[in-house]
Amino acid sequence: MEGVQTRGWRTALAGSQMLFVAFGALVLMPLITGMNPSVALFTAGIGTLLFQFTTRRQIPIFLASSFAFIAPIMYSNQTWGLPATLGGLVVAGVMYILLSLIIRWRGPGFIQRLLPPVVVGPVIMVIGLGLASTAVNMAMGKSGDGSQQLVDYNTAILIAAASLATTIVVAVYAKGLFRLVPILAGVLVGYVLSWLLGVVDFSHVAESPWLAVPAFVAPEFHMAAILFMIPVAIAPAIEHIGDVLAIGGVTGKNYLEKPGLQNTLLGDGIATSAAAFLGGPPNTTYSEVTGAVMLTRNFNPNVMIWAAVFAIGLAFVDKFGAVLLGMPVPVMGGILCLLFGSIAVVGLNTLVRNQVDLAQARNLCIVSVTLVFGIGGMVIGNDSFSLQGISLCGVVAIVLNLILPNGEDENALPHQ
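Going by the working numbering, the letters in the sequence shown line up with residues 15 to 430, in that order.
It should be emphasised that the hints constitute simulated quantities derived from the structure, not laboratory data. Don't be surprised by glycine CBs; every beta carbon is placed ideally from N, CA and C. Heads up, none of these hints are tricks.
What follows is a set of in silico ranges between Cβ atoms, one per label pair, in the way DEER data are often shown:
1) Gly395 x Ala229: 29 to 35 angstroms
2) Tyr167 x Asp215: 17 to 23 angstroms
3) Val413 x Ala232: 32 to 38 angstroms
4) Leu416 x Ala188: 40 to 46 angstroms
5) Gly48 x Asn396: 24 to 30 angstroms
6) Ala220 x Val359: 38 to 44 angstroms
Turn these sequences into a full structure, and let the hints steer you where they fit.
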């Protein structure tokens, strides 16, 4: 009995460590998009539990805030408001569920034909590069759109540089578990420097109670917001496949067969829709946690259940949420200069590792048009309905891939 209790405590401790690894990215995404970080913690925990239930606790995966949705959420919030955005995210989760049902019916081959690397690569690149101006504006102390100067420029640049430098140094030079938390290290250094320079005001923290229910928000369903968000689900769906392949490579198991891609996508879709119903950001599988699993060699899925429980508990500590909400803009801006570039590199790596031949005219056309439309801000439509950004890029890349004559066979799942 004592041995069982000891193993239980070790598993719980390992779970807290996994949450520590995921924490920086988990809370940064809602802070960027104007969502509540306490709600994000809660929905990450609930989403992970739903995923583990759906996959019958077979995969050591933790689900939390997806960076692929940052740009669409920011645009949708400005255009239709947060409740309508959440309605679109609910439907994005339903798209995952529909994909899982089609895979269950037809097998994974149709995804390979619909979303080859030449489609996925440039769309992921647009997600990162399309946000470059937002990161730079925030690093200079401005609001994301550059319309307001929130922090003095000289002070902001100093804070952003310290945050960025810390993140880079930890990512490159740190050893062991510390190598997996560069974002968290950058946030801590930037926050402390902001406090020393008088940028941070902790009065709102003092006024907050210790315990409180997170500020949940109910979704509203508007057709324009829904149609805008549906194509956005393309890149995270591919990201999901890549992460499942990655964790399979770490544990030596083929999770695409058991529990099966249809079940992992189903779990991700249910988690994303459930998060949006509560006002949280969409969930995705976290590669940071996969790295921690590889380092610790702890393949027990129960570790992720403990991480989820800790996340849910932390969501009710209101003073902690107030500290997060008070994070200065330059801290996030400095880190995002690296993070958004990293997203673009993932897309580039998708093209390189899958040996997409850009000397072929069809491939060149798909990648070129997708990148220019996305980075240039192309809009197609009218006042009642329009496509732009990642949504437009996803549709354009898929359509061009389907209609342009195909030479060599590129219809393979992206390598990771």
